[in-house]
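Chemist: Single-letter residue listing:
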Amino acid sequence: GQSLEQPSEVTAVEGAIVQINCTYQTSGFYGLSWYQQHDGGAPTFLSYNALDGLEETGRFSSFLSRSDSYGYLLLQELQMKDSASYFCAVSLDYNQGGKLIFGQGTELSVKP
Amino acid sequence: DTGVSQNPRHKITKRGQNVTFRCDPISEHNRLYWYRQTLGQGPEFLTYFQNEAQLEKSRLLSDRFSAERPKGSFSTLEIQRTEQGDSAMYLCASSLETASYYGYTFGSGTRLTVV
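Chains as they are written, first to last, in the working numbering: chain R, 38 to 149; chain F, 37 to 151.
These aren't lab readings, by the way, just hints derived from the structure by calculation. The beta-carbon is built from N, C-alpha and C at its ideal position, and this holds for glycine as well. Treat the hints with care, as some may be off.
Computed spacing ranges between beta-carbons, pair by pair [to be verified]:
#1 F:151 / R:105: 45 to 51 Å
#2 R:144 / F:54: 31 to 37 Å
#3 R:87 / F:63: 33 to 39 Å
#4 F:114 / R:105: 41 to 47 Å
#5 R:75 / F:104: 28 to 34 Å
Given the sequences, and given the hints that come with them, work out the whole structure.
Modeler: Listed below in structure tokens is the structure:
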């Protein structure tokens with residue numbers, strides 16, 4: 038089967054750094070993506086890792102360790118607008134249509 | 037092109053009625069995906085198209101669900117004889133086949149409430 042685990046909620050203060058972890062167990066793994074979703078909104082693509090290591094995009098960084106089936110999203114200089122749900126998602130390989138399998142999401146609350 | 041468009045944004049229907057949702061993907065994207073999301077959960081894969089061909093359907097997609105993508109452009113998702121358990125957000129996403137691993141563009145979804 039396919040499963041992803043991530044914490045259900047995280048709370049942090051403005052200006053801080055927060056890390057959201059994701060472990061996965063899937064077949065046909067191609068890469069790990071992260072999406073942000075505000076209440077009532079569309080999931081928005083944040084970052085993608087196909088290879089081990091760190092990818093940095095502005096205040097957001099994402100890390101992948103394929104051998105550990107583990108990744109994380111790092112958010113720096115937190116802002117109030119970062120309060121949202123964050124989903125890790127495994128990209129399945131070409132033979133499985135490149136579809137995404139999502140975790141249940143981590144609700145991030147940023148406090149002043 | 038302003039992204040993936042879904043209509044309607046909200047739909048309230050009585051149990052047993054049929055509903056149809058529409059998705060207009062980004063024009064050059066040849067892959068189109070439908071996902072369903074319930075409160076507090078991540079999106080769950082339902083089905084996907086490459087151009088006009090429906091290549092995979094999830095076991096979540098019962099016989100009451102049907103999706104089409106005529107001419108490889110917009111797509112429709114129809115639910116027949118709706119049940120309360122069908123209440124959810126239905127999300128459409130599109131991508132280029134060669135870029136599907138890197139991320140989709142999602143629409144804002146259609147929120148279905150079955151009463």
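Chemist: All hints are to be evaluated individually against the structure, with a verdict given for each.
Modeler: Hint check results:
1. F:151 / R:105: 45 to 51 Å: Holds: the Cβ-Cβ distance is about 46 Å, inside 45 to 51 Å.
2. R:144 / F:54: 31 to 37 Å: Given range 31 to 37 Å: holds, Cβ gap about 34 Å.
3. R:87 / F:63: 33 to 39 Å: violated, 27 Å
4. F:114 / R:105: 41 to 47 Å: holds, 43 Å
5. R:75 / F:104: 28 to 34 Å: holds, 30 Å
Hint violations for this structure: number 3 only, all remaining hints satisfied.
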